[in-house]
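Trainee: Here the protein sequences come in this chain order: A and B.
Take 695 as the starting number for the first sequence in the working numbering and just add one per residue.
Take 129 as the starting number for the second sequence in the working numbering and just add one per residue.
In short, the hints are calculated from the structure, not lab data.
Honestly, I wouldn't trust all of these hints.
[What the hints assert, rightly or not] Listed below are the simulated DSBU-like cross-link pairs for lysine-lysine, each with C-alpha atoms no more than 30 Å apart in a straight line: (1) B/K164 / B/K184; (2) A/K705 / B/K166; (3) B/K197 / A/K764; (4) A/K764 / A/K705; (5) A/K747 / B/K155; (6) B/K164 / A/K751; (7) B/K196 / B/K155; (8) B/K192 / B/K155; (9) B/K179 / A/K751; (10) B/K145 / B/K164; (11) B/K145 / B/K197; (12) B/K196 / B/K179; (13) B/K188 / B/K232; (14) B/K184 / B/K196; (15) B/K164 / B/K232; (16) A/K751 / B/K188; (17) A/K705 / B/K164; (18) B/K145 / A/K751; (19) B/K197 / A/K751; (20) B/K145 / B/K184; (21) A/K751 / B/K232; (22) B/K166 / B/K232; (23) A/K705 / B/K197; (24) B/K155 / B/K179; (25) B/K188 / B/K164.
Note that the coordinates shown come from a computational prediction; the quantities given were computed from them, not determined experimentally.
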Amino acid sequence: DAGITQSPRHKVTETGTPVTLRCHQTENHRYMYWYRQDPGHGLRLIHYSYGVKDTDKGEVSDGYSVSRSKTEDFLLTLESATSSQTSVYFCAISVRGPGNTEAFFGQGTRLTVV
Amino acid sequence: SQELEQSPQSLIVQEGKNLTINCTSSKTLYGLYWYKQKYGEGLIFLMMLQKGGEEKSHEKITAKLDEKKQQSSLHITASQPSHAGIYLCGADSGGSNYKLTFGKGTLLTVNP
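Isolated chain A, as found in the complex (with noise of 0.2 Å):
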């Protein structure tokens, strides 16, 4: 699994605060993605990072921000929550070698926003 911890794995939170969300990994991988699943619309990328303080958006960014400061936490920021936002968030990590590339994912945050 490539040393991914997502916290937390669930939280209830009230429309219009905010919430961060964290991946943390342990081996230094360069890139890390935030997803979001819903049912019928697979996984959307919310934003990725290529580096640290190196950060791009997704497909579904709007309301949401992220920062990595350093190699190891990739932080997702819902800067105040709607109904819309709730769903369960993945992170990945891609690990990139000689011929090979696989990508990790944690075992998902479950957010419900009230």
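Position chain B against the provided structure of chain A, taking the given hints into account.
Mentor: What follows is chain B alone, placed relative to chain A:
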């Protein structure tokens, strides 16, 4: 941006039958990933294809990337209930940033 279309969206088969899931890209594929997910759980990496014509197998699952690198197929031989789940294909954008996007998934049900 690159879009991935998976077909079918869902599939119900009888145990022992073969099946195929397709993944078609709007752009050339630099890397194509296949994952399996059990409901409510994380994603399990199956295999990754990079070269046109490349074919890989994992137990009874075989995936192939076509020569033009715009379509991949995942084939399961003699399906079992343990194969049930959601199959997702993902694509690497290439370049230096390696944006990784996914299709909507195919829900596979295998009836005993």
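Trainee: Can you name, in rising order, the numbers of the hints this structure does not satisfy?
Mentor: 3, 16, 18, 23
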